[in-house]
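Those protein sequence lines, which keep their order, are chains F and X.
At position 114 of the first sequence the residue is numbered 114 (our numbering), and the sequence of numbers has no breaks.
At position 83 of the second sequence the residue is numbered 83 (our numbering), and the sequence of numbers has no breaks.
Just so you know, these hints were derived from the structure itself, not from any lab.
This structure is a prediction, so every number in the text was calculated from the model and none was measured.
Be a bit skeptical, because a hint or two may be false.
Pair ranges (Cβ atoms, derived) [stated by the list, open to error]:
no., chain 1, residue 1, chain 2, residue 2, range
1, F, G255, X, A195, 40 to 46 Å
2, X, A198, F, D52, 54 to 60 Å
3, X, R263, F, T106, 51 to 57 Å
4, F, R234, X, G319, 49 to 55 Å
5, F, A110, X, A195, 30 to 36 Å
6, F, T332, X, G77, 35 to 41 Å
7, X, R263, F, A195, 39 to 45 Å
8, X, P410, F, G409, 55 to 61 Å
9, F, R44, X, A293, 51 to 57 Å
10, X, G57, F, G57, 28 to 34 Å
11, F, G255, X, N200, 31 to 37 Å
For every residue, glycine included, the Cβ atom is placed at its ideal position computed from N, Cα and C.
2 protein chains.
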Amino acid sequence: MPNADVPSDDVTLGPESAALLERRERLPGGASRLSYERPFRPVRGQGCILYDAAGNGHLDACNSVASVGHCHPRVVGALARQAGAPDTHTGDLGGEVVDYAERLLTTLPAAIDRAVFTCTGSEANDLAVRIARHATGGTGVVVTETACHGTTADVAAFSPSLGPGVPLGADVRTVPAPVGGDADAFAAAVRAAFADLARNGVRPAAFICDTIFASDGVCADPPGFLAAAVDAAREAGAVFIADEVQAGLGRTGAGMWGFSRHRVVPDLVTAGKSMGNGHPVAALFGRHGPVDAFGQSARDFDTFGGNPVSCAVGLAVLGVIEDEGLIENAKTTSERLRLDLAELAGEHAAIGEIRGAGLFIGIDIVGEAGADAAGAARIVNGLREKRVLIGATGPKANVLKIRPPLVFGPREADFLIEMLDDVLSRH
Amino acid sequence: MPNADVPSDDVTLGPESAALLERRERLPGGASRLSYERPFRPVRGQGCILYDAAGNGHLDACNSVASVGHCHPRVVGALARQAGAPDTHTGDLGGEVVDYAERLLTTLPAAIDRAVFTCTGSEANDLAVRIARHATGGTGVVVTETACHGTTADVAAFSPSLGPGVPLGADVRTVPAPVGGDADAFAAAVRAAFADLARNGVRPAAFICDTIFASDGVCADPPGFLAAAVDAAREAGAVFIADEVQAGLGRTGAGMWGFSRHRVVPDLVTAGKSMGNGHPVAALFGRHGPVDAFGQSARDFDTFGGNPVSCAVGLAVLGVIEDEGLIENAKTTSERLRLDLAELAGEHAAIGEIRGAGLFIGIDIVGEAGADAAGAARIVNGLREKRVLIGATGPKANVLKIRPPLVFGPREADFLIEMLDDVLSRH
Numbered sequence: 001m002p003n004a005d006v007p008s009d010d011v012t013l014g015p016e017s018a019a020l021l022e023r024r025e026r027l028p029g030g031a032s033r034l035s036y037e038r039p040f041r042p043v044r045g046q047g048c049i050l051y052d053a054a055g056n057g058h059l060d061a062c063n064s065v066a067s068v069g070h071c072h073p074r075v076v077g078a079l080a081r082q083a084g085a086p087d088t089h090t091g092d093l094g095g096e097v098v099d100y101a102e103r104l105l106t107t108l109p110a111a112i113d114r115a116v117f118t119c120t121g122s123e124a125n126d127l128a129v130r131i132a133r134h135a136t137g138g139t140g141v142v143v144t145e146t147a148c149h150g151t152t153a154d155v156a157a158f159s160p161s162l163g164p165g166v167p168l169g170a171d172v173r174t175v176p177a178p179v180g181g182d183a184d185a186f187a188a189a190v191r192a193a194f195a196d197l198a199r200n201g202v203r204p205a206a207f208i209c210d211t212i213f214a215s216d217g218v219c220a221d222p223p224g225f226l227a228a229a230v231d232a233a234r235e236a237g238a239v240f241i242a243d244e245v246q247a248g249l250g251r252t253g254a255g256m257w258g259f260s261r262h263r264v265v266p267d268l269v270t271a272g273k274s275m276g277n278g279h280p281v282a283a284l285f286g287r288h289g290p291v292d293a294f295g296q297s298a299r300d301f302d303t304f305g306g307n308p309v310s311c312a313v314g315l316a317v318l319g320v321i322e323d324e325g326l327i328e329n330a331k332t333t334s335e336r337l338r339l340d341l342a343e344l345a346g347e348h349a350a351i352g353e354i355r356g357a358g359l360f361i362g363i364d365i366v367g368e369a370g371a372d373a374a375g376a377a378r379i380v381n382g383l384r385e386k387r388v389l390i391g392a393t394g395p396k397a398n399v400l401k402i403r404p405p406l407v408f409g410p411r412e413a414d415f416l417i418e419m420l421d422d423v424l425s426r427h
Numbered sequence: 001m002p003n004a005d006v007p008s009d010d011v012t013l014g015p016e017s018a019a020l021l022e023r024r025e026r027l028p029g030g031a032s033r034l035s036y037e038r039p040f041r042p043v044r045g046q047g048c049i050l051y052d053a054a055g056n057g058h059l060d061a062c063n064s065v066a067s068v069g070h071c072h073p074r075v076v077g078a079l080a081r082q083a084g085a086p087d088t089h090t091g092d093l094g095g096e097v098v099d100y101a102e103r104l105l106t107t108l109p110a111a112i113d114r115a116v117f118t119c120t121g122s123e124a125n126d127l128a129v130r131i132a133r134h135a136t137g138g139t140g141v142v143v144t145e146t147a148c149h150g151t152t153a154d155v156a157a158f159s160p161s162l163g164p165g166v167p168l169g170a171d172v173r174t175v176p177a178p179v180g181g182d183a184d185a186f187a188a189a190v191r192a193a194f195a196d197l198a199r200n201g202v203r204p205a206a207f208i209c210d211t212i213f214a215s216d217g218v219c220a221d222p223p224g225f226l227a228a229a230v231d232a233a234r235e236a237g238a239v240f241i242a243d244e245v246q247a248g249l250g251r252t253g254a255g256m257w258g259f260s261r262h263r264v265v266p267d268l269v270t271a272g273k274s275m276g277n278g279h280p281v282a283a284l285f286g287r288h289g290p291v292d293a294f295g296q297s298a299r300d301f302d303t304f305g306g307n308p309v310s311c312a313v314g315l316a317v318l319g320v321i322e323d324e325g326l327i328e329n330a331k332t333t334s335e336r337l338r339l340d341l342a343e344l345a346g347e348h349a350a351i352g353e354i355r356g357a358g359l360f361i362g363i364d365i366v367g368e369a370g371a372d373a374a375g376a377a378r379i380v381n382g383l384r385e386k387r388v389l390i391g392a393t394g395p396k397a398n399v400l401k402i403r404p405p406l407v408f409g410p411r412e413a414d415f416l417i418e419m420l421d422d423v424l425s426r427h
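Using the sequences and the accompanying hints, generate a full structural model.
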């Protein structure tokens, strides 16, 4: 599993961190994994920089949750201010949830006119598939072969990236990730998957994909390749759910949502991670028809979803994205990074294909035998020693994942390239 | 559905609230429901008091989420302070999650030595059942007939209170709620339910119950009645999951957890709602055997679960419960309330049985034809006009639900009784 390092015995942890590690290993059980062989312990953060207890700044090139920068004062201020007002629930009539829903819906296609809030992307995807099943009367779900849509029981059953210990549902089929962006091949695979479900008597419910295919190793180009697959899913009778937990909120540098690069209008959209810059906020968006029909049938009440604090925080995040021009920044920084990475690729044989959009970039690490997961892990841990934080992803865990806060600028990009060059030189 | 009022046309909303209501009705879809015929719009809170925009204080006798009181300065302070430190995730090595897990585990039986954090009680129950299935190899789940354990797809399938629009799973069986607290009858029903599952070829996974049976209309006495049912479940091969989302963290006035009144040690325990006093924090606790085995098999990573801010908030809540003696307060206020309610029952024929433990009290409202849901709704809405906020619950929606913040004291109890007396006098 990428980014799930076992702390190595031959690296030096400070005595405080070592003691903490020992206590931690007794507590949350084996499901909780640490990043890096030498675990990182941030105590302060600002923008793209995380500081350890000794005051050493580390360049965060991986944490997309803190998308407007760590501890952004406008977001922390909104959080503290609203938490001092009553933090109740949507059974009360509050303005924040209405303001936030309206604001988010202005960024979405006009056909999408309903917003339902949850706390996590898992919950949003879980709700999306419940609505899809209710709308279609079917249960069949098609996903890509290393997709990760979350960890509720139902969502885990269509998240193959969780590994063989978590069986896929009997009404789930996977299709190969759209590596290379061949629209016809991807559409044909989706069509065949729904046909296979039908052969087993399973009626279609949803085709769901992360619109940047993060856990599949990042598949972004050419823009538009997704449209034919969405058409194929709809022809089969399924709805299309755009999982924007990774690609949404400006990440791709091409508008607010990843699906817009592909010129498709989803039936349902989910978002999470970066919506609250770390505060647990997530949402489901959809057309009023299926969302209202589901709501009238199911008596959902969500204790925390849409609470005033979460909505105030979410509004502050949207304000920062707009006022600081972060979508444009994601685009320009990405262009600079991609040029420099292409140059590095000419100097280091370990660099294979480079893919991505905006500030979500995947870099294949290859060796003589092809995909090189051990090499990618070595680079990730080498960069961590150079105080640069990145991750790894992909079906073969050999894809470097560069996914920094959206405030990542030219200075940060140059430092990342310099350190990557250095680590690759010793590779 | 209790507490899901349709705003009435013949009540007067201020122009601002009316405009907000109109905007809101277009947005989150039919799944989002308001409490009270005349929706309440709090703008400030302190202790048990919520204030509307005109500055009118309303006595909150229903919101158990804000369990240490609305906007407690120690909790809001911890939230604001930690949000200004980096709010990352458990892939980093942070002290807060370890401190919080250790602190919570000291309140649980020694056999329970693992803590896994999520954001919501739904997620905690979803995870609990995944672990139960992994540990037992079975899938069968037994719940009470109006149980509510949450709203993920999987949990909704064993939450009959969500209504006929949400079908129960094929491997789910319900048992009558333990009204009257007949231990033998409840145990026999659980035994029969697992036998019925076995007859259908379904192997047992879990018996899960809310230890105060809130949505079943509140069943608390006699303490200890639950033990025989837990034994029956274990004899059938199932694990016992104590859902403490409602009863946990001091609510019953008899220790931290509802199950301790019944002298049972659960296999798995879930908590949520009040853990963060409104901030989305929830947890799963269990024995290391099944929790670790599941963790090694399933590659769960939770973006928000156990984040430093949630843990700092949770620690502050535990500190307040202890330092302000809130469990003792729940006990003494409850005794006062119960005596006064018994007296009211002598004066008002509408009051039937009174049940509960600590600051979770259910009052049956009865008419000539028995359970009187319309009467209960009239009382709830009548009290709201008297600036006292309570709810309704139970399979027949005729049970008044008194479930205030744990700081509810004698003055608040007396005001509640006075207003209830007044509303009942016009009933």
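Original post:
Okay, which hints does this one fail, numbers in order?
Top reply: 1, 5, 7, 9, 10, 11
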